[in-house]
Amino acid sequence: MTTASRTRETTDREDIAGRLLKSSAKASYDPLVEIDWDSPVDPDRYALKPERVSLYGTELWERLTEEQRKELSRQEVASIASIGIWFETILMQMLVRHAYDRDPTSNHIKYAYTEIADECRHSVMFAKMISKLDAPFYNLDTVAHLLGKMFKATSNGPLTFSGALFVEEILDQIQRETMVDENLEPLVRAVSQIHVVEEARHMRYAREELVRDWQHRGPLVKAYSRLMLGAVVYYSATRLINPKVYAKVGLDPREARRVARRNPHHIDTKTWAARKVVATMNEAGMIKGPGKLLWRAAGLLGR
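Heads up: the sequence shown runs through residues 325 to 627, numbered per the numbering used here.
Worth double-checking, as some hints may not be accurate.
As the list claims (entries may be wrong) - Here are the simulated DSBU-like pairs of lysine-lysine, each with C-alpha atoms no more than 30 Å apart in a straight line: (1) 476 with 600; (2) 476 with 612; (3) 434 with 373.
To be verified - Per label pair, the in silico range of CB-to-CB distance: (4) 429 with 574: 49 to 59 Å; (5) 333 with 478: 39 to 49 Å; (6) 536 with 429: 35 to 45 Å; (7) 430 with 465: 36 to 46 Å; (8) 467 with 545: 23 to 33 Å.
For the record, the hints were derived by calculation from the structure and aren't laboratory data. The beta-carbon is built from N, C-alpha and C at its ideal position, and this holds for glycine as well.
Model the full structure from these sequences, guided by the hints.
Below, the structure written as structure tokens:
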């Protein structure tokens, strides 16, 4: 890489981070203040569109009363929020590691710190929403939990930003649909709107840095990154809906999980939610080899 190219790349990075910092100053939110946490959750509303609920269209769905279906939608939102907290905690640690070796006076790192602050607020916001939905924190199984520990401790640049982009894009697609639907639970809509606005900046930051970093990596690092990203994608996507949510509406968790995994509506929802990030990763050349099998096994590449 020539000196001129390196200078141009640094300038581009600083310009984009500078714009993101200005945008953050104009449109950042304190969810503890912006959201009406005192209003009760409306039991007569869905928290997700019915067709986005994992059992929609199945025989088990037909067994449920309308009240149980709405309760399942609230529990599934709580499960998705639990995954959000899990990954945002991982992301904050990866961003701290990213900043550790870099100039804190640069716009690029000042924005990394800004994003960390955003993610702290988002995690608190999600935790409060989970409680308001009368749901537990749906913790991950041991394997996924240990994978998260390993991922945050060993991730390189491409993994940090591709992992962030994947999880945030999935949440973003679901929440963009939720926030504009006036028939859905107002609390969930308010949380979705704040998250969508602030995550748009985070995704721009991650997308730009991923493209810059990836092109400078050698074949071995790329092969490793593709495989590790595939593992993260698989464990994140297949854990979005914790099977314990089904017990909340009187279903057998094992049976319901099995039905949900085979449900074409649920598979289509995951494919729909992942379509933008799949396009980005394909363009970058990050969905290849053994890692691609994990993307497909997670139900993200269509049926």
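Practice problem: Please name the hints from earlier in the document that this structure breaks, with their numbers sorted from lowest to highest. | Solution: Hint check: 3, 5, 6 fail, others pass.
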